[in-house]
Amino acid sequence: MNVTDIELCKIRTEKRLWEVDEDKIKPLAESIKTFGLINPISVLEDGDNYVLIAGEHRLLAYVYNEEITIPTIIHKRQYENIELDKARCLIMEADENLLRRTPDGHEEAYLLYRRKEAYEILFPTPTSEKIKKLKKDINYRVENGLPYEELEKELNDLENHKSFVEDTVEKTGLSKRTINQKVRIGTIIDKETGEILDNMNISTEIFKKIVIGDNEEDAKVASKIYTDTIKTIDDKFEKPKERNNFFNESYNKLKTEMNEQEPKYHVNHPIEFSELLQDKIQNEYLPKYEESVSSPVGSQNENEETTYYKKGNNVLICTISFIENHGESVTNFITVHLNDERRFEKVKNIIDTYGDEDNIMVVCSDINIFSNYIKKYENI
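Residue numbers for the sequence shown follow full-length UniProt numbering, beginning at 1 and rising by one.
The set of hints was computed from the structure by calculation and includes no laboratory data.
One should not assume that every hint holds.
[Unchecked claim] With a cut-off of at most 30 Å between alpha-carbon atoms, the simulated DSS-like pairs for lysine-lysine come out as follows: (1) 209 x 288; (2) 253 x 224; (3) 162 x 132; (4) 224 x 191; (5) 241 x 311; (6) 135 x 241; (7) 191 x 153; (8) 236 x 208; (9) 86 x 231; (10) 239 x 346; (11) 239 x 132; (12) 176 x 136; (13) 136 x 191; (14) 224 x 264; (15) 153 x 171; (16) 253 x 209; (17) 310 x 264; (18) 348 x 239.
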């Protein structure tokens, strides 16, 4: 593509996919002064002026440097309706950002959602009625010796229409399943809420959970309730991973409980489920969690001997009897079985190696193995 220097005053910006990060402008401006502009900005022709497609940070860096012109790739108008050209340009901007941004969280999901909106404006899915009508018109023209080539080309284009998902698979390399999941996240969770969740390092697993719901509008309301719940409990945990694990376990526990009363309750009643989860976390699940963290050594009840020991927030050493009684509440752990004192040192090495990053659970075969291990290595 040809690169042309155009005047900054002729370029206008419209509502963009992402807000400008002002902290990036000054260092980018200094870099451009030193090394020049590596990648030109992209614009769309609009009469004698231009609409920015991609490169707002670069454009503002040139403004910061008080430049008059900027190297630019100019895209010609392809449609009489400028809204179609804008949709085409939004797809181009989304594709550029998808290649540059971290492929996790809400950010990518929102890009895919906006790309889908623009794609369906530019390439609307043909209806079966329209295809049937074209076939009928072609048959009529054939039978009456009338030209039909243009209609046949239109029919061929419609029958070979590439869906948004198919096109996005080609552009990004993501699977169809992943694209659909991410578009759902971008559809249900608005940009402002999504930025809050991304800043809190919410896991992909949680994003998938908090957009579930048969009714889209109900799912949007529920997603905000889930977000409020996560914000409320955030300061109770040292690491985002610990908070994410706690929320996932709480969600799964309540889901199992409610499914016994009504299958797919969380899907059919997302608002009610999110409100119930909020109440359960605040009044039941979180107090129990905080109690277990503050008291690392414990038993199943006051009359029984000690059956578990918590080391920090991600190592659990326990007996088989503890698992038999509480196994449903212990999930997402790497499990190590300990049935011989000769393996004590090996198990300790496993905990020391993985304990800072992963959830480790050591299941002791009996109370003697359990007691001897924590006495020897945990000074209890």
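Inset, instruction - Measure nothing beyond the straight line between the CA atoms of residue 253 and residue 209; if it is 30 Å or shorter, mark the hint as holding. - result: holds, 13 Å
Legend entry - residue 86 paired with residue 231 [C-alpha distance capped at 30 Å]: Violated, at roughly 37 Å.
Inset, instruction - Mind checking the alpha carbons of residue 162 and residue 132 for me, to see if they're no more than 30 Å apart? - result: Roughly 19 Å separates the two Cα atoms, so the pair holds.
Legend entry - residue 348 paired with residue 239 [C-alpha distance capped at 30 Å]: At roughly 23 Å apart (the allowed maximum being 30 Å), residue 239 and residue 348 satisfy the hint.
Legend entry - Restraint status (C-alpha distance of residue 224 to residue 191 at most 30 Å): holds, 12 Å
Inset, instruction - For the pair supplied as a hint, residue 191 and residue 153, confirm whether the alpha-carbon distance does not exceed 30 Å. - result: violated, 40 Å
Inset, instruction - For the pair supplied as a hint, residue 135 and residue 241, confirm whether the alpha-carbon distance does not exceed 30 Å. - result: Cα-Cα ~57 Å, so violated.
Legend entry - Hint consistency between residue 224 and residue 264 [alpha-carbon to alpha-carbon, up to 30 Å]: Measuring from Cα to Cα gives roughly 20 Å; hence the hint holds.
Inset, instruction - For the pair supplied as a hint, residue 239 and residue 346, confirm whether the alpha-carbon distance does not exceed 30 Å. - result: This hinted pair holds, its Cα atoms lying about 27 Å apart.
Legend entry - 30 Å Cα cutoff - pair residue 239, residue 132: violated, 58 Å
Inset, instruction - Take the C-alpha atoms of residue 236 and residue 208, compute the straight-line distance between them, and say whether it is at most 30 Å. - result: Between residue 236 and residue 208 the Cα gap is close to 23 Å, so the pair holds against 30 Å.
Legend entry - Restraint check for residue 310 with residue 264, where alpha carbons must lie at most 30 Å apart: Violated. Residue 310 to residue 264 sits at ~34 Å, over the 30 Å cutoff.
The structure fails to meet hints 6, 7, 9, 11, 12, 13 and 17 from the earlier list, while all remaining hints are met.
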